[in-house]
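Enquirer: When you line the sequence shown up against this note's numbering, it's residues 29 to 525, in that order.
Calculated directly from the structure, the hints in this document are not laboratory data.
Yeah, the Cβ is synthetic: ideal placement off N, Cα and C, and Gly gets one too.
Certain hints may be false.
Claimed, not checked - In silico EDC-like cross-links for lysine to aspartate or glutamate, where the CA-CA straight-line distance does not exceed 16 Å:
| no. | residue 1 | residue 2 |
| --- | --- | --- |
| 1 | 431 | 331 |
| 2 | 328 | 301 |
| 3 | 113 | 124 |
Said to hold, decoys possible - Each pair of labels, with its calculated beta carbon distance range:
| no. | residue 1 | residue 2 | range |
| --- | --- | --- | --- |
| 4 | 387 | 438 | 12 to 22 Å |
| 5 | 132 | 444 | 41 to 51 Å |
| 6 | 475 | 116 | 27 to 37 Å |
| 7 | 296 | 370 | 28 to 38 Å |
| 8 | 45 | 250 | 23 to 33 Å |
| 9 | 478 | 340 | 28 to 38 Å |
| 10 | 370 | 464 | 27 to 37 Å |
| 11 | 296 | 275 | 52 to 62 Å |
| 12 | 444 | 56 | 25 to 35 Å |
| 13 | 62 | 522 | 43 to 53 Å |
| 14 | 119 | 468 | 44 to 54 Å |
| 15 | 438 | 523 | 36 to 46 Å |
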Amino acid sequence: MDNKTLDSTFISRRPLLPLIEFFENGQKIRKHITSDCVVVGRSQQCDLSVEDDKLSRNHFMLIKVDGKFEVKDLNSANGLVVNGKKVKKAILTGNDKILAGTTSFSFTLTRDDLQNDKVVLESVSVDKQSFEKKYTPRMPKFTRKNIVTAASLSILAFALTWLVMGGEQEARVITQSKQKQLKEMLTVEQEVGVTKLSERDRVNAINFFKLAEYHFKIKNFNLAKNAMTNYFALVPSSVIAPSFIALCEETLANSAVADNKLDELEKESNKRELITKLLDQGSQALNRGEYEGAINIYSKILEIDEYNNPAYDGILTAQSEVAKQHQKLLESTELAQVPQAEIYAKEMNRAYSAQNFAKAFEIANRIIAMGQEESGREPFIQAFRMRNKVVATTNRMFGSMVKEAGLLAKSDAEDEAIKIYQRVLSIFPYQSSAKSGLDTMLKKRHEKAKLLYSTALVEASYPDAVASSSKLRAVINLVPSSDIYHQKALKMLKKQI
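I would like the entire structure built from these sequences, with the hints used as guidance.
Expert: Next up, the structure:
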């Protein structure tokens, strides 16, 4: 029979066929996509295996959702580029370029029987009945599985309506026999059975569902949600998955709120215990006559609780005693100078003139530690004055820097704040505000590192080696090498590599 050209109505009713093209070993390969989900990668277990060392074993996935094709990166090592942009997932238009590893894939939606904008049937007559039978949408068959699914959906809809109309309290007392009956009416096997998935995808879907149930039972709700999300991607028509995912999200939210409340209570309790301990230490320092030490302890309390009255009283008492000591030194005429203390005093003055404040501060403390009788009157008085002078000078020098570091820390610019604190302490290690600020930030980072390390352990057991390695590297960059979690993360990362 002569070739016949079909009209545009016929052409528009023909289904578009997804096609992927790429070059492998210099040879062009064309593959039609006949499944709703195709995994592409280097592994021989993939639906489409490609020889490319830069491809991950499971690099990306093509999935059909609501009639549209999407490409999704499967946590590959080298990422995914679609139409010139690096993406995690993207909707395909039917004329797309996908770069994965060193291989460029072309994804198109075509009709193979179109040639020169015409559909040509060679030596084949067009049978209207067979054409309509093939390309006209069919009514669904009323199979047992379809009937079970429809009945289950009706029951679920009725239950939801009853809850909205105020039957929530009554719904909570549904008997166990009714719950068992409802569960028997709609199982995951029945839900997957009515889909058009391949046998392999059906097995994968059921495995994802069982994995979600397992994680939910052991209260690992985040992993349960991830597994059910993968199931939902394979079975978009699922009526089980949305409720399950919503339940996981609600449980995670409630757990987060409870954890935050417990953390706040624990922090408040720890703060009260620390203040009580410091007040006791300050009182003991006052009793021993260590007034400078008492002032430092009470200052730490005021950094934690600026309205703590016992700490204010302790500072005032200590300062009063220090003033009395100074007055006694000024009135004393019996103390004699000794050569060693004089040498120290000259060294101290030279260090201060050279702006070596740390050395001047240390020598002043050395003279004061010698005691009044051993050092002599003049060097001892000079040491007290020099120490106060160094503290006042360094506070003026570094006050603005410490204040800037504090503001940076509050605005989440922690790295810059830490650099400023370290710069101040490298010049004058005894700057109390900088030392306190740095200690606070390092403790905060230690807690963050602890949380990241714990998350990395969970992801490694899932297993999700890529995410786990990323968390471990974040721990190493977050805290110094002296931190225990820096050492643990480094050790674990070496094992993974």
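Enquirer: Give a verdict on every hint.
Expert: So, going through the hints one by one against the coordinates:
1. As the CA atoms of residue 431 and residue 331 are separated by approximately 14 Å, the hinted pair is consistent with the 16 Å bound.
2. Under the criterion of a C-alpha separation no larger than 16 Å, the hint pairing residue 328 with residue 301 is consistent with the structure, at around 14 Å.
3. Distance check on the hinted pair: residue 113 and residue 124 sit about 11 Å apart at the alpha-carbon level, within 16 Å; holds.
4. Taken as a hint, the range 12 to 22 Å is violated for the pair residue 387 and residue 438, whose Cβ atoms sit roughly 34 Å apart.
5. For residue 132 and residue 444, the Cβ-Cβ distance of about 42 Å falls inside the hinted range of 41 to 51 Å, so the restraint holds.
6. The given range of 27 to 37 Å is respected by residue 475 and residue 116, whose C-beta atoms sit roughly 30 Å from each other.
7. Between residue 296 and residue 370 the Cβ separation comes to about 53 Å, which falls outside the hinted range of 28 to 38 Å.
8. Roughly 39 Å separates the CB atoms of residue 45 and residue 250, a value that falls outside the hinted 23 to 33 Å.
9. Distance hint check for residue 478 and residue 340: the Cβ-Cβ separation is about 35 Å, which falls inside the suggested range of 28 to 38 Å.
10. For residue 370 paired with residue 464, a C-beta distance near 36 Å keeps the hint of 27 to 37 Å intact.
11. At about 32 Å, the beta-carbon gap between residue 296 and residue 275 misses the expected band of 52 to 62 Å.
12. A beta carbon spacing of about 53 Å between residue 444 and residue 56 contradicts the range 25 to 35 Å that was offered as a hint.
13. With their beta carbons about 44 Å apart, residue 62 and residue 522 fall inside the hinted range of 43 to 53 Å.
14. For the pair residue 119 and residue 468, the supplied restraint of 44 to 54 Å holds, since their beta-carbon distance comes to about 47 Å.
15. Restraint check, residue 438 to residue 523: a C-beta distance of roughly 38 Å satisfies the suggested window 36 to 46 Å.
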